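Participant: As a plain string of letters, each chain reads:
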Amino acid sequence: MFLNRWLWPGLVTLLALSCLLSVSTGPVSISLVDALSAVLNWATQQNIGNIAPHEQLVVNTVRLPRTLLALAVGATLAQCGAVMQGLFRNPLADPGIIGVSSGAALGAAICIVLLPNVNPFMIPISAFVSGLITTLVVYRLASSSTGTSVVLLLLSGVAIAALAGAGIGMLTYLANDMALRDLTLWQMGSIAGAQWMYVSLCLVTLALLSWRFRQDAAALNALLLGESEARHLGIDVDKLKLRLILLCALGVGVSVAATGIIGFIGLVVPHLVRMMLGPDHRQLLPISALLGAALLALADIGARAFLPPAELPVGLVTAIIGAPFFIFLLLQQRSKLI
Amino acid sequence: MTATSYAKSESRSDSILAPRAHLTHSTHAQFERTKLSISKLDVSIGQKMVLSDINVQFKPGAVTALLGPNGAGKSTLLKALCQEISTPRQSIRLGHSQLADWPRGELAKSLAVLPQHASLTFPFTVSEVVAMGLYPLTISNKEGEALVAEQLALVGLSHLAKRSYPTLSGGEKQRVQLARVLTQLSQSPFPPILLLDEPTSALDLAQQHRVLELAQHLAHQQAYTVIVVLHDLNQAARYSDQLIVLKQGRIVSEGAPAEALSVNTIREVWDYEPVYLAAPQGGHPLIF
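Which chain is which? The protein sequence lines are A and B, in order.
For the first sequence, the working numbering assigns the number 1 to the initial residue and increments by one for each residue that follows.
For the second sequence, the working numbering assigns the number 339 to the initial residue and increments by one for each residue that follows.
It should be emphasised that the hints constitute simulated quantities derived from the structure, not laboratory data.
Computed from a prediction, not measured in an experiment: that's the story for all the values here.
Worth double-checking, as some hints may not be accurate.
[As the list claims (entries may be wrong)] Far from chain A, by Cβ distances over 10 Å, these chain B residues were calculated:
| hint | residue |
| --- | --- |
| 1 | Ser-424 |
| 2 | Pro-461 |
| 3 | Gly-471 |
[As the list claims (entries may be wrong)] Quick list of simulated restraints, FRET-style, between CB atoms:
| hint | chain 1 | residue 1 | chain 2 | residue 2 | range |
| --- | --- | --- | --- | --- | --- |
| 4 | B | Pro-461 | A | Trp-6 | 16 to 26 Å |
| 5 | A | Arg-334 | B | Ala-617 | 36 to 46 Å |
| 6 | A | Ala-323 | B | Ala-499 | 49 to 59 Å |
Backbone N, C-alpha and C define an ideal beta-carbon position, used for all residues, glycine too.
Based on the sequences and whatever the hints tell you, model everything.
Facilitator: Next up, the structure:
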């Protein structure tokens with residue numbers, strides 16, 4: 001009861017605070033109050049609180065797109081993780097761990113290296129297509145009539161990630177210096193250098209995903225009973241699965257194209273929310289979106305604050321938090337896995 | 339305690355076990371609306387014929403048990419009835435139309451399956467699992483909650499409503515699934531069809547009888563068409579009104595328990611020499 005009453009306001013406050021902190025953190029230091037004013041100025045096209053023009057410029061062109069991108073990608077990855085876990089009926093499914101992110105990264109890398117003059121919108125499309133193919137392959141490899149096997153799922157993920165890694169590795173030999181820098185950053189995941197184009201693309205994708213996932217949340221709950229049981233409840237299971245796989249591939253593909261591979265958000269966040277609220281997707285998905293957004297924004301602040309003025313790729317920060325969590329989950333499920 | 343008495347003590351007057359309005363003047367026309375029948379059904383998987391030339395009329399208001407040794411086609415028949423495997427369009431009829439022509443959501447309100455195992459590993463609470471049965475219904479949240487509580491009471495598990503489903507025993511899980519399935523059928527416009535796939539396999543003796551008594555009660559008091567796959571011949575003889583014995587995909591015997599389960603049939607179908615006590619006055623036989 002206590003949790004239900006305070007969860008939404010608590011999460012919204014956390015999100016707002018992490019946003020302001022994210023706008024104020026960086027080589028040009030901006031106070032929290034100025035950060036708030038600058039964001040309001042950007043939104044209303046006014047000049048509240050007499051912000052220095054260079055600070056306003058930093059906020060408009062660097063900090064704000066970066067913050068919004070972190071929120072959008074965090075919310076998208078957290079929801080995609082939760083949906084994949086439901087779809088695969090397997091709590092260890094995460095776009096990063098089962099290789100979907102690597103697959104999407106390979107698609108993006110092919111586009112960057114082999115087609116350098118192509119329209120920048122092709123990169124997310126290519127990432128989406130290869131992410132989709134990867135999801136379908138992993139799903140086929142790991143599924144049986146009783147759901148998906150954890151061991152097969154993780155091993156397929158290892159194989160796919162190795163294959164995609166090799167593909168990207170080969171591309172690095174073909175790449176020129178500029179593309180090489182991009183590729184390296186891609187594989188570690190970074191939100192630095194966020195462009196407004198990607199911010200809008202990610203926000204639109206997030207809106208689409210959140211809306212559709214909300215419609216499918218009850219069906220996804222029923223799917224956890226088993227495919228036959230869901231079918232007997234009147235759900236068109238094949239359509240549902242296809243739709244969710246497409247949407248997850250879209251979410252992961254667009255996120256990877258924008259920021260590279262950021263792991264573990266899709267694993268850690270839904271797990272934390274399940275621990276607090278249980279596995280009902282009608283609550284799990286929106287709450288995971290909020291928490292995922294806040295967590296990635298905070299991780300990105302961490303990436304900037306660790307060794308200023310240098311920055312760590314945010315993928316390293318999420319891995320530092322997420323990998324031990326993953327090991328903890330493995331230990332917890334040890335008896336079931338052996 | 340019988341299913342009836344435990345239903346009476348736990349449910350209110352508007353419960354699922356109270357006679358429904360549409361049953362108080364049950365007519366021939368209503369039975370026609372809900373009649374499930376199979377004609378000339380053949381099913382083959384790969385090269386193998388698993389069901390051949392099946393013709394059955396299931397009686398509304400009766401329990402029909404499907405019997406037969408392993409591999410006889412009982413589960414396949416059940417799968418055909420719930421459209422889990424594709425069947426020739428003309429072969430199965432429900433009411434006035436082909437089963438395959440029923441819109442998915444409408445069919446789910448009137449035909450439900452109690453699975454043998456439900457492999458749910460995520461930590462849903464018992465009420466949440468039962469509430470999954472609300473999926474095909476149009477119902478307000480409040481009514482939904484009341485319905486879930488009612489069905490949980492019906493299977494005698496109200497005290498476990500907040501428990502995590504994966505921590506329950508096999509028998510408790512089975513009863514939760516039964517409550518879910520009954521929730522699903524609660525808005526059927528006519529007496530629904532309930533398919534039970536070996537419902538007693540995970541239960542102890544008393545619970546086995548309780549589940550079958552409940553199934554019998556739903557059939558006799560509320561005109562459910564109950565179709566149940568069973569292995570235990572005595573349970574089948576005791577609780578069913580109609581028996582269908584299958585062997586190698588064909589129906590070899592059909593009818594009331596005393597007729598359908600003769601010594602000869604058992605010998606022929608199961609290749610086993612039973613000790614057979616014929617019951618007097620048309621009761622059910624005892625088979626050891």
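Participant: It remains to establish, for every hint, whether it holds in the given structure.
Facilitator: Status of each hint after checking the structure:
1. Ser-424: About 12 Å separates Ser-424(B) from the closest Cβ of chain A, which puts it past 10 Å; holds.
2. Pro-461: Since the minimum Cβ distance to chain A is about 6 Å, Pro-461(B) lies within 10 Å and the statement is violated.
3. Gly-471: Violated: least Cβ distance 7 Å, not greater than 10 Å.
4. Pro-461(B) x Trp-6(A): 16 to 26 Å: Between Pro-461(B) and Trp-6(A), where Cβ atoms are some 22 Å apart, the hint holds.
5. Arg-334(A) x Ala-617(B): 36 to 46 Å: With a Cβ separation near 54 Å, Arg-334(A) and Ala-617(B) fall outside 36 to 46 Å, so the hint is violated.
6. Ala-323(A) x Ala-499(B): 49 to 59 Å: violated, 38 Å
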